[in-house]
Every structure is written in structure tokens, then in C-alpha cells.
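S.K.: Please build the complete structure, drawing on both the sequences and the hints.
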Amino acid sequence: MDRRDFFKFGLGGAGLTIGESLTGSSDSDSSLSGNHEFDHPWWVNRLEEPKLPVDDRVYSRFNSRKNVFGSMVKYYGMKNLKELRERSQKKTQRYYRENRPGYRLQDRALADAGWVISRLGGLNRGTRSWTRNFVRTPQQRGVEEYKGSLGEAAHMIKAAARYFGAATVGITRLDRRHINAKERGKRIVFEGVEEPYGNKEKLVIPDKCKYAVSMSVQMSLDNIACSPTALSSAGSSMGYSRCEFLVAGLTEFIRGLGYVAIPSVNDLGSSVAPAVDAGLGELGRTNRLITPEFGPMVRLCKVLTDLPLAVDKPIDFGLLEFCKVCKRCAEACPCNCLSFEDEPSFEVKGPWNNPGHKAWFEDSPQCLAYWQESTSGCSNCLRVCPWTKKDKTVIHQIIKGASAKIPALDAFFTSMDESFGYGRQRSARKWWDLNLPEYGVDTTQGKG
Amino acid sequence: MKRNEGYCYLKIRKCPFYIWIIRGLGIVWLVFWAEVAVGSRMELEPRAFGISIGVFTVSLILGLFLWIRGNLKRKKKSL
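Line order of the protein sequences matches chains A and B.
Counting in this note's numbering, the first sequence runs from 1 upward without gaps.
Counting in this note's numbering, the second sequence runs from 1001 upward without gaps.
Please keep in mind that the hints were generated in silico from the structure rather than gathered at the bench.
Check the hints yourself; a few may be wrong.
[Stated by the list, open to error] Okay, the calculated beta carbon distance ranges per label pair:
(1) B:Y1009 with A:T444: 23 to 33 Å
(2) B:G1063 with A:Q93: 52 to 62 Å
(3) A:E341 with B:L1025: 41 to 51 Å
(4) A:R85 with B:P1046: 35 to 45 Å
(5) B:M1042 with A:F134: 37 to 47 Å
(6) A:L47 with B:L1044: 28 to 38 Å
(7) A:E331 with B:P1046: 20 to 30 Å
(8) A:G126 with B:P1046: 40 to 50 Å
(9) B:P1046 with A:R97: 27 to 37 Å
(10) A:F412 with B:P1046: 17 to 27 Å
(11) B:P1046 with A:R100: 19 to 29 Å
(12) A:E341 with B:P1046: 29 to 39 Å
What you are looking at is a predicted structure, and each value in this text was computed from that prediction instead of being measured.
C-beta atoms are modelled at their ideal positions from N, C-alpha and C, and glycine is treated no differently.
M.R.: The following block contains the structure:
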């Protein structure tokens, strides 16, 4: 019995009893589908609805052209953007000349190379094609499509997702409002068809695709800890490439069972919203997903399918209360684009935000401008988040559990986290001397 | 009672139960900080490692000091 098992069976058992008696909740869906091995730590509760409310009168499908990546010129102004890029290029050259750690040729080459698998796919393209069939279908094998109970199917999908590289997996009923109304000049529509298809005007998702399998992929903390440098960008790019492999693999697996599967990383719609619905984490002050196991140190992706699955419920691990008092991400943001407000609100910062849900909305154009300013992106908000931990010591689990159950301690934990030096920028020069595990992540973290 | 020469005998001095509780807590405290120090080292968190190893070392030295002082006092009394 290792430390994790000891914790799980010993303190974990006691915690479960206390936790359930305090909240009166239980993870009934998980027990239904026999998914205990894929579940969160004992201090995470399941809820019927996500904690941050949605205004059904306002929340609707988003036009991705409003996204900051698609409208940087509009939001920032052509002249400003040109000046910014020129400044960025000059700075980049200066950093090369200075041989500044984190901005050297090898650092930037690593960041770019990290994208290599991600670039193989795009919206209904390459590894993210909606119809490609690499694996043989049940018809080709001369057998019927997969038949199993909802729980069995969910269990199987989660096992396969883990095998393809998912850190955590959750399943939710697809809320169509999370899917973009328009992307890359094409409308995205739902129709009563058997197979998804696309033409010049539209991309069609079959009505029968009622489930979304939401998955997270770990990013390397050792890389993100070097933020803002090209090495932290390498952490992000590698995360995207691993997402690409994950969705491609899971999609083909589902197709091999005889069902429709539509892969998606950051295309097609929000990845955060289905992840919240599927109980992978909660929405934090960064307006991004924060998970109980890895904090914000994840990239997200999803697969839409018509394979009937047992669904998971949203979770609560006290993050909302924690973010209200912590604010370390907002303090660490070099361009002040994160909110300092105590409470989340329905008020958006600009058209780049999709309104109709309560959140701490961010000033995305400022954030993206700083990416140019720094010459290599920025992940400071992820680096300083107290939920970002490697979990090599039992104290992190104790504090996470205590924070989830006793929000009054959150301010103390935040100040202690800072005092202990967590979240400080690490040396980019020393990164190259690390004895890194595969992909730079500990794949056993958070696996009970 | 006749002693069996084939055995070693461990003599444990009698003391109140609360002393045993304090000793137990002290050991848990030391193990906890040692674990945090080792974990922080593995996490490459120098400050967390420094603080935890500091707390561990100070606690250990303090514990040894109290133990030695107690022994000396007892010896003096028995003399």
C-alpha cells in the first residue's frame, strides 16, 4: 500500500463520511456507471447544476469571429497592432543577441516544435476530420455495432480516453449553446442526418449526437513555471499536440464501435463549458477551468458522439470561494486583464466574452497584446495559481481537502502558499538540465 | 523472577499517558515535515524545501535537547 492508497482508504474514508454528512450529496452517477476509478478525490462533491448560474434568456451560441484571435485588428486597432508587432520583433532580436534564457533559439524552437501534432488537424480537417474512418467499422468486420449499458459504455470510453492520454475524463449531455454558431465563415448547424458533413456554407452535426466526452490533458508544470518565456509556450503547445492525439484516437475508437464521433480541441465551441458540465473542474477567476487534481495546468478537448453514455454531474471543490479571496492570478497578470472583483458577475468585459453566464470575465485583447509584448506568450496566471501543484507531498492533498471543506481557511492557505515560494518564476536555463518524465508530466498524478 | 540469559530485555520507563501522546505527536510532526521536505525537493520548490527542512531540523534539535535535559535531570535526582 503506497501513500496514495493509505490516504485513499484511511483519511479518504473518513473524509467521505464527513463530507457526505456535511453536504448531503453523493456521486450517484459515478456509482451507477461503476466509474469509481475515474472519480475525483474524496473532498470533491457532485452537484446537480454548475455553481455559477447561467441566464437562459441570454446565453446562446457564440460567433467565433468575436473571439479575440479572430478579431485582434478590430479590438486593438490596425495601427496599434502593427506597432506592437514591430516592437515585439525588435525585442525578439534583442533577446537573441543577449542570449537571454527562455528566449534563445533552442527555447523558441522547442515551443514551435511542440505544435507539430496539433497542426495536423483543424475544424473538420486532418486528424479532426468529422467523417474519416481509419479504423474498420463493425459492418466491415461483419458484426453489429457496440451494445452495452450506459454505465458500461461510459466506463469503456473513459478507459480508452485515459489510454489515449487524458488526465481526466467526464461525460455530459451536449448543451448545444456551447457549440459555436459560426466558425471560419461556416455556419454550424444541427440536422436530422445520420452522418456529420460539411460543405462551403455549413458544417452539420447530426441531431443524434447528444453526448460530449470532455477531457483534460496535463501541461508540464516545469515548463509553465518558466512563464513568461518560450519554454512556458512549449508547455502549452505540447498540451495542444497531446489533445490532438487524444481526440483523434478516441474519435477513431468510437467510430470503430459503430457510432458517430466529432473531435474538437479549441475549435467548434467552448471546451471549458462542457468540461464544467461534465464535472472536470470549476470555472476560476481566470475564466478558465481549474481542476481539483491539476489546478489550471490542463488543456481541454472534447468529442461529440451519439453513443449512449452515463453522464457525470458538475463538481464543487470550494474553488469559487477560494478564488474570491485568493486573487493571485489577477495580481500576477502583467497587463491587468484579470478581474479583481470579489464576486463573479454577468457583466462581460467585451464582445469577445460570451454573455449569459456568471464569471470573472477577462480582458482578452490586453492579454493577447501582452503575448506580443513578451514575445513568447504568457502563462503567469497558471503559474501562480495555488491549485497548481505537483502533488509529491501529502500536504497539498490535506490543504486542498481542507480548502474544499473549510472555506474560512482559504485566505490563510493563499498567504502560506506565497510564503512557501510556490508560483515563482523558475530559471529557464535550468529547465534544460531537468530529468523530465515523459512529455514533461507526471502521468500518475491524480490517479487515486 | 529468574531472567532468561538467551533474551535481551528492553526496559521502558513508566511515565504518564500524556507523555506518550506528546511523544507520538512529536514523531508525527517530524515525519510530516520530513515528508514535506522530501516532496518539495522532488517538486523543485527550493523555498518550500528550505522552510520544511528548517522546521524539521529545529524540531528535531529541540526534541533532542529536551530529551537530553530530561535525562540529565533524572540522573541528578537519582544521585
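S.K.: Which constraints among the numbered hints does this structure fail? Numbers only, ascending.
M.R.: 1
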